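Undergrad: Since the structure of chain A is already known, use the hints to place chain B on it.
Protein chains in written order, with this note's numbering: chain A, 6 to 93; chain B, 849 to 1030.
Hints in this document: simulated from the structure, not taken from any laboratory. Don't take each hint at face value.
[Stated by the list, open to error] No farther apart than 30 Å at their CA atoms in a straight line, the calculated lysine-lysine pairs in the DSS-like style are these:
id	chain 1	residue 1	chain 2	residue 2
1	A	K34	B	K1022
2	B	K1018	A	K42
3	A	K34	B	K1021
4	B	K1016	A	K42
5	A	K24	B	K1028
6	A	K8	B	K1018
7	B	K1016	A	K24
8	B	K924	A	K24
9	A	K24	B	K1022
10	B	K1029	B	K1018
[As the list claims (entries may be wrong)] In silico contact screen, one side only, chain B against chain A (beta carbon under 8 Å); selected entries:
id	residue
11	L872
12	E882
13	F949
14	L955
15	L956
16	N961
17	A962
18	A967
19	M997
20	I1001
Note that the structure is a prediction, hence the values are computed from the model and not measured. Here a beta-carbon is modelled for each residue, glycine too, at the ideal position from N, C-alpha and C.
The primary structure of each chain is shown beneath.
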Amino acid sequence: MEKENWINSIINSTDGITKVIPDEQLFSKIQSRIINKEVIGTRWLWLAAASFALLFLLNAKAIADKNRNVVSPIESIAANLSNSNQLY
Amino acid sequence: MKNQETDFQNIYNQYRILVYNLALHYLQNMEDAEEVTQDVFVQVYHSLHTFKGESALKTWIYRITINKSLDFIRHKNSSKRFYVFGKKSNNEKEYLNASSFEHPGILLENKENAAILYATINELTENQKTAFILSKIDGLTNPEIAAIMQCGISAVESLIFRAKSALKEKLSKKFEEHRKKK
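Okay, chain A solo, but in the shape it has when bound (with noise of 0.2 Å):
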């Protein structure tokens, strides 16, 4: 019996509680937070931005300059040609 009232009293501990306030200033942390997150999350959308542009110009050229490079066949037969001076 006295374990059973223990048991109950502790269940029923909470009865009457009330409500606890938040601190006054909570609000404005909150909007702290808020356009914290907005501030870094337009500065993180610039550097991604940057870094894809900065990607597509550096591939754009490699390619320009790999194309630079290849000779094409009529070239080649025509330095062959002025370095030996025979056709076969």
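TA: The following block gives chain B in isolation, referenced to the frame of chain A:
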């Protein structure tokens, strides 16, 4: 944009006490409850445009608060495990103290008993803990809890019943220790 700010401030004013107190029941620490309250309202601000109104705003906010609180506890417990071979973290110390948490809104004569209750609630499963907190401490009805937990009313009834049984069983073991102390 201005409208969104006003709406958000109205929502904050309306639900800040609900969110803070619910987080406090879960975390049993004032600073942690404040941090989770911030997390909840930051998410509410960013997700407000995606809220479809399929459930009541209050139900939606309840769900966010419960999820954030449970995530917070999981994160703290995983940090605790991470530090098991190293230096004890401050978090661990806080959670060891959680068993002696004194809720500021509890009547003075019930404070000691409520501390035992909160410590025992922490030993329940997540769903049982949620059902018990919402029903017994927050005073919600079973249909309201069912809407928040997205399950049937009979499932809620069963969860509350199992939570109370588990609590009684755990408390009955604690009673022996309590009697020895006296």
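Undergrad: Could you run down the list of hints and mark each one as holding or not?
TA: Hints and how they fare:
1. A:K34 with B:K1022: violated (41 Å)
2. B:K1018 with A:K42: violated (44 Å)
3. A:K34 with B:K1021: The hint is violated at about 43 Å.
4. B:K1016 with A:K42: Judged against 30 Å, a Cα distance of about 45 Å means the pair is violated.
5. A:K24 with B:K1028: Violated, at about 34 Å.
6. A:K8 with B:K1018: holds (12 Å)
7. B:K1016 with A:K24: Cα-Cα ~26 Å, so holds.
8. B:K924 with A:K24: Measuring from Cα to Cα gives roughly 25 Å; hence the hint holds.
9. A:K24 with B:K1022: Holds, at roughly 28 Å.
10. B:K1029 with B:K1018: holds (17 Å)
11. L872: With a closest approach of 6 Å, the L872 (chain B) hint holds.
12. E882: At 6 Å from the nearest chain A Cβ, E882 (chain B) passes the 8 Å test, so the hint holds.
13. F949: violated (12 Å)
14. L955: Holds - the Cβ of L955 (chain B) comes within 8 Å of chain A, reaching about 5 Å at its closest.
15. L956: violated (11 Å)
16. N961: holds (4 Å)
17. A962: holds (4 Å)
18. A967: violated (10 Å)
19. M997: violated (20 Å)
20. I1001: Given a least distance of 22 Å, the restraint on I1001 (chain B) is violated.
When each numbered hint is compared with the structure, violations occur for hints 1, 2, 3, 4, 5, 13, 15, 18, 19, 20.
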